[in-house]
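Trainee: What follows is the residue order along each chain.
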Amino acid sequence: MIDWIKQLPGNVIDFIGPEIIIATAKVVLVFGVLLVTTLLVIWFERRVIADMQARVGPNRWGPFGLFQTLADGIKLFFKEDFRPAAADRWTFVIAPVMAMVPAFLAFAVVPLGDHVVIAGHRVDLVMSDLNIGILYFLAVGSLGVYGVVLAGWASGSKYPLIGSIRSTAQMISYEIALGLSLVPIALVAGSLSTVDIVAAQAGTYDNIVLFGRDLNFLEGIIPHWFIVQQWPAFLIFLVAGIAETNRAPFDLPEAETELVAGYHTEYSGIRFAMFFLGEYVHVVAISAMAATLFFGGWHGWNPAFPAAIDWLRWIVPIFWFTIKTVAFVYLFVWLRATLPRLRYDRLMWVGWKRLIPGALVWIVVTAVLNSDPEEVPTSARLWVMAVVFAILLAWVWRGDPRLTALEPWRKKEVTRGTA
Amino acid sequence: MDVAVFVAVFVLALGSSLAMLFARNAVHVALFLVAGQVALAVAFLLQGAFFVAAVQVIVYAGAIMVLFLFVIMLLGVDQREALIEPLPGQRPLAIGLGALLVLEILYASMRGLDLASASPEGSAALARLNADPGNVEALARLLFSDFLLPFEVTSVLLVAAIVGVMALARRMGGPLTASERSDRAEEVAA
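So the sequences go chain by chain: E and R. Following the numbering used here, the numbering of the first sequence begins with 388 at its first residue and continues without gaps. Following the numbering used here, the numbering of the second sequence begins with 9 at its first residue and continues without gaps.
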């Protein structure tokens, strides 16, 4: 009997199977880390924006105000859970969950590092290496629309409904651009799996020959990240990604100057906290995806370094990944502090008439440049990129005369001129 | 493990489909349909068809159903639908065809028919699809080599349908109808 108890842990592991235990541990760990990350990201955003606006920001709770979000969370927990009389009961309850869950799910395909060996079992530092990683990310993202849409509809009041109709149109439009911006990545990496995509970004550019000149000094300096050759796709991904998270300058669904608080006007207490959590996890998810797909994922600047010390081998990749993700979170915050909200017709214009055609053109260019890697020399690639860049810039910069003609002050000017 | 997931998926898919049939509210119907589609996507995952699962979620749950919801919300069709049948004789026809379909499925499952591998050609194609590089690569290769023409024709058909709808829905320069006139008046008033 006592022997049996002593062997219990081993028996349990044998019974359940190490794979399932490892998978469960990964899920719990990532979930917990994301919750803590959200607390920190909200604090980070408030401090950074405060700094940009020459304020102090939250500094009362804990060192540098670190526990402010925790205090806010506890407060939200104990607030009254109010449900308006006109609300659709179950949809109103489900909507915040639908907003939160897809954001967490996106992390299943984000590789946080290489692999670790624990008790003889190889543990990859990714929850699941799906062979359709990118598609999974898009699929989960497309489910994220439901939270906002249902919240607006179920509240049974007009501002949330307007907010949710706006966000439906916005998220569907930008989802297309987001999907198209990932096609060139799949073309270059030759795989849809995020693990393979990160693996394809290992190392540095060697033998750089530009216009017949051998640039030796650059050897081993420029990392083989996809941002180097795929920056137009990255720009499209970034814009569409920000639009997907419903954050400034694309925060029309919750435009507080027009719609009170948009789709979550009627939400309070813990349900509002869920929307908040979902939004910030989504921001971290898009940042992590940007780092993974375009900035080499967990690959550091110098890949030879971590091999020196054993425990550094798995700590350093996680460090690099975190640094890159935090950099993108900072970008998100920076944009929010800087840019004013887009007008609705301009939002649609950017999405449909610039991002989507731009992404399609870039897919064709990438396909042609990568049809035979030996054939196309680097200088030709650079020329093509320069030309594409010039055309894209001119094309976006010129804008649309019909749009500017709609602006009220222009109209006034025109009528004054003719009168 | 697989069995447990299968049972959960089965219950979820069947339950949400039934709930979809009996729900009164148009938005709830759409939601139950989404739940059913996601459950089916998990069923595809269980079969190792990752690509089909992802496409199922992206296209059906993520795009088409969101558009459905958008239209429902925009037009405000969330009231109880009128109980008038737009097509006479639709109900007996639906029951008859539905019964036929149930019989077919029962027959196929009772006989243990494996539809994909029923013919040697089909099983060979299936084996090729699931061969080494994985079914995503194999599917892509087939789609863009042997089946390129049908694939392209289908996409042209879809584009033609979209252009056709836009041509039909576009208002020509004729006089406005009464509802359009009131819309205009509201716009001006606003």
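Be a bit skeptical, because a hint or two may be false.
Pairwise CB distance ranges, derived in the manner of DEER restraints [as the list claims (entries may be wrong)]: (1) E:G449 x R:V79: 47 to 53 Å; (2) E:W688 x R:T162: 42 to 48 Å; (3) E:L722 x R:L111: 20 to 26 Å; (4) R:T162 x E:W477: 45 to 51 Å; (5) E:V775 x R:G106: 16 to 22 Å; (6) E:Y731 x R:L147: 35 to 41 Å.
Keep in mind the hints are simulated off the structure, nothing from the lab. Quantities reported herein were computed from a predicted structural model and do not represent experimental measurements. Note that CB positions come from ideal geometry on N, CA and C, so glycine has one too.
Trainee: Output the indices of the hints that this structure fails to meet, ascending.
Mentor: 3, 4 and 5
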